[in-house]
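Participant: Residue numbers (this note's numbering), protein chains in the order written: chain A, 1 to 265; chain B, 1 to 407.
For the record, the hints were derived by calculation from the structure and aren't laboratory data. In this text the structure is predicted, and so the values were computed from the model without any measurement. Cβ atoms here follow ideal geometry from the backbone N, Cα and C, with glycine treated the same way. Be a bit skeptical, because a hint or two may be false.
Unchecked claim - If you anchor each label on the Cβ, the simulated ranges turn out as follows:
id, chain 1, residue 1, chain 2, residue 2, range
1, A, R115, B, I231, 52 to 58 Å
2, A, G80, B, I232, 36 to 42 Å
3, B, A261, A, D207, 42 to 48 Å
4, B, E153, A, D13, 32 to 38 Å
5, A, R115, B, E24, 51 to 57 Å
6, A, D207, B, E24, 35 to 41 Å
7, B, G398, A, G250, 51 to 57 Å
8, B, E24, A, D20, 41 to 47 Å
9, A, G96, B, E296, 30 to 36 Å
Said to hold, decoys possible - To list a few chain A residues with every Cβ distance to chain B over 10 Å, as calculated:
id, residue
10, Q84
11, A169
12, I179
13, C190
14, S193
15, G250
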Amino acid sequence: MRVPQPVSGMLADHLRRRRDGGAKLLIPYVTAGMTDDWLVAAGAVAASGADALEVGLPFSDPMMDGPVIQAASLRALQRGTTPQGVLADLAAVDLGVPVVVMTYYNLVVRMGHRRMASLLAESGVAGAIVPDLPLEEVGPWAAAADEAGVATVMLVAPTTDAARVGRIAERSRGFVYGIGRMGVTGEQACVASSAARVAGAVRDRTDLPVCIGIGVSTPEQAHEVCRVADGVIVGSALVRRLLDGGGPDGAAEFTAALRRGIDTG
Amino acid sequence: MISDRGAAPGHVMGDPGPTGRFGEFGGRFVPESLVAACDQLEHAFREAWAEPSFHHTFEALLASYGGRPTPVTECTRLSGELGIRLLLKREDLAHTGSHKLNNVVGQAMVAQRMGKRRLIAETGAGQHGVATATAAALFGMECVVYMGALDTERQALNVFRMELLGAEVREVHSGGRTLKDAVNEAMREWVATVEHTHYCLGSVMGPHPYPWMVRELQRIVGDEARAQCRIILDGADPDLVVACVGGGSNAAGTFAGFADATTSQLVGVEAEGGAALTMGVPGVLHGMRSALLQDEAGQIREAESISAGLDYPGIGPEHAHLAAIGRARYVTADDAEVLDAFQRLSRTEGIIPALESAHAIAWVLAHAGKEIPSGSTVLVTLSGRGDKDVSQVRDLLGSAAGTGQRV
Ligand SMILES: Cc1ncc(COP(=O)(O)O)c(C=O)c1O
């Protein structure tokens with residue numbers, strides 16, 4: 001296992017530095033354990049223009065996920081994927097970019113807040129996104145994560161009012177996850193108009209980077225989103241390619257295409 | 001024998017307040033996208049529930065349209081056989097054949113106040129789906145019902161009923177293809193349509209305010225039953241009050257009438273294969289913290305029961321709390337006992353119970369004269385009628401030859 005490193009504020013510092021240097025942030029998502037070579041795929045994605053990587057710890061009942069990530073989660077669970085196993089895998093590699101795990105709260109509750117937080121930190125994980133923990137419920141987890149030096153990334157939705165955006169941004173660490181459209185993860189034909197509104201509302205309230213996710217599927221859409229936000233999170237479109245057998249090469253190719261799309265339009 | 005811990009009048013089943021907590025259970029564990037909708041719903045329900053005119057309209061509708069109050073029937077033959085006095089609260093006689101109508105009429109009224117014209121719902125046995133489709137027809141609303149593919153098969157007749165009532169039934173093929181998966185899918189749909197759609201949740205589960213709101217909308221069952229029992233029992237309350245528990249709405253509505261006002265023992269009966277309180281551990285699913293069937297990593301386990309309506313790996317958070325403080329206790333009945341109870345109530349009383357309700361009967365049959373002392377007065381909420389289950393039971397009895405099930 002890699003020597004624990006100080007990760008406090010590391011995610012925000014890293015992303016801010018990239019942003020302030022003029023870059024737009026690309027954060028691809030991969031479901032841990034979905035294929036035999038998922039870790040290789042994650043490394044290939046990280047090396048193809050990603051600024052950070054979001055790694056999903058699969059849950060049996062992913063309420064915020066559409067069919068593609070549901071299928072990847074199911075496959076991962078059928079392959080025997082566990083949070084401990086994934087974190088041991090992550091601890092053993094250096095992906096070269098900060099890793100943020102995404103999971104549902106029950107896995108945290110089951111393991112225990114402090115245990116999960118310290119295990120994430122020991123595994124070199126920089127942050128955590130727990131979408132079923134809104135501001136009112138996040139306290140116990142956020143306290144444990146803060147203590148362990150793991151950034152709790154909070155989410156803002158199109159339906160979040162301005163005052164609440166401020167409180168969420170204040171509680172968020174690393175960056176703020178802007179939910180680009182009302183709905184669950186999944187590929188979409190176009191970017192919803194709500195994406196720009198969410199990005200604007202967050203920017204009005206915080207200097208933390210704001211990255212937009214949910215429904216961003218193509219290099220063109222990523223470019224469009226990055227005109228109004230600091231960065232973009234792409235999940236289903238990448239995971240579908242892995243489900244379809246695209247492998248690390250296909251994943252790297254798509255990530256590079258996203259990067260080019262963002263940078264050149 | 002009668003637990004009075006935490007039984008201070010007016011305090012056991014009260015208002016959980018803005019955090020929606022019942023002790024350590026409950027809460028609102030939803031994606032940020034749903035927070036505003038839950039807030040709006042809580043506000044709308046709180047406002048409505050404080051208005052006498054809302055109660056008046058609600059009760060008048062449940063009377064003229066729903067057939068309330070439902071009677072309490074004394075089971076004379078079965079009582080004689082068991083050596084107890086067995087009373088049934090007859091929710092099977094409510095319109096659509098179960099207690100579910102109380103909840104959906106109330107929620108449809110609240111949806112209208114919020115200006116929402118479309119209802120979505122999950123259903124297991126199909127009873128809540130049928131009730132929601134019924135309310136949607138009554139109020140002229142659009143209705144979509146999510147139902148696990150295993151359940152559409154087990155409850156094919158209820159699928160057709162919903163369609164007759166003008167609802168669209170969407171089969172859910174994810175997970176174990178039962179109630180849990182239907183809830184997941186309904187919640188996903190709600191996230192995408194929340195602006196004009198109300199999620200009409202069918203039990204005392206989910207994020208705040210649902211567990212509290214659904215219990216309040218169902219408390220008419222317990223309030224009526226308490227008054228009716230006092231007439232039958234010369235002013236006394238039953239020694240035991242028993243109800244089956246899936247998510248726990250008929251039990252919560254029943255218990256609400258007794259928890260604070262009486263010292264009756266409260267017993268919730270879960271399906272053995274879905275016994276969240278007996279076998280589960282605390283966790284968070286579907287927006288609530290409660291007892292859940294899950295593995296060591298926190299993956300939710302599939303419930304497995306003969307009755308689609310109890311095939312749920314969780315339980316309403318207030319039940320977890322009532323168990324924790326000792327005001328109610330939770331027990332189980334297995335599929336064989338349930339099949340037996342289904343037939344025995346049919347033959348002795350001429351009442352064919354829903355398989356869900358048969359769990360409550362089964363526990364009484366198994367414990368009368370033992371844990372339930374002879375001479376006890378026992379009220380069982382018969383949450384629904386068994387018409388929907390008749391063909392399934394025929395198949396089960398046909399294939400259970402040699403197990404003693406075939407009479
Ligand atoms: C007749 C009947 N009873 C009970 C239930 C279980 O629900 P609850 O525990 O919310 O009463 C159902 C659910 O479908 C039902 O149809």
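Participant: Work down the list of hints and note, for each, if the structure agrees.
Facilitator: Here is how each hint holds up against the structure:
About 56 Å separates the C-beta atoms of R115 of chain A and I231 of chain B, a value consistent with the hinted range of 52 to 58 Å. One distance hint, 36 to 42 Å for the beta-carbon pair G80 of chain A and I232 of chain B, is violated here, with the actual separation near 57 Å. Look at A261 of chain B against D207 of chain A: about 56 Å separates their beta carbons, and that is not inside 42 to 48 Å. The hint said 32 to 38 Å for the Cβ distance between E153 of chain B and D13 of chain A, and at roughly 55 Å that hint is violated.
At about 19 Å, the CB distance of R115 of chain A to E24 of chain B disagrees with the hint of 51 to 57 Å. Evaluation of the 35 to 41 Å hint for D207 of chain A and E24 of chain B yields a pass: the beta carbon distance comes to about 37 Å. Here the CB-CB span from G398 of chain B to G250 of chain A is close to 52 Å, well matched to the stated 51 to 57 Å. Taking 41 to 47 Å as the suggested C-beta distance range, the pair E24 of chain B and D20 of chain A conforms, at roughly 44 Å.
About 32 Å separates the C-beta atoms of G96 of chain A and E296 of chain B, a value consistent with the hinted range of 30 to 36 Å. The claim that Q84 of chain A is not at the interface with chain B is violated, since a C-beta of that chain comes within 10 Å of its own (minimum 8 Å). The non-interface label for A169 of chain A is consistent with chain B: the shortest C-beta to C-beta separation is roughly 12 Å, beyond 10 Å. Some Cβ of chain B comes within 10 Å of the Cβ of I179 of chain A; the nearest lies about 6 Å off, and the non-interface call is violated.
Here C190 of chain A stays apart from chain B, with its beta-carbon at least about 15 Å from theirs, past the 10 Å limit. The Cβ of S193 of chain A sits about 14 Å from the closest Cβ of chain B, beyond the 10 Å cut-off, so the non-interface label holds. Distance to chain B confirms G250 of chain A as a non-interface residue, since its nearest Cβ pair spans about 25 Å, more than 10 Å.
Hints 2, 3, 4, 5, 10, 12 from the earlier list are contradicted by this structure; the remaining hints agree with it.
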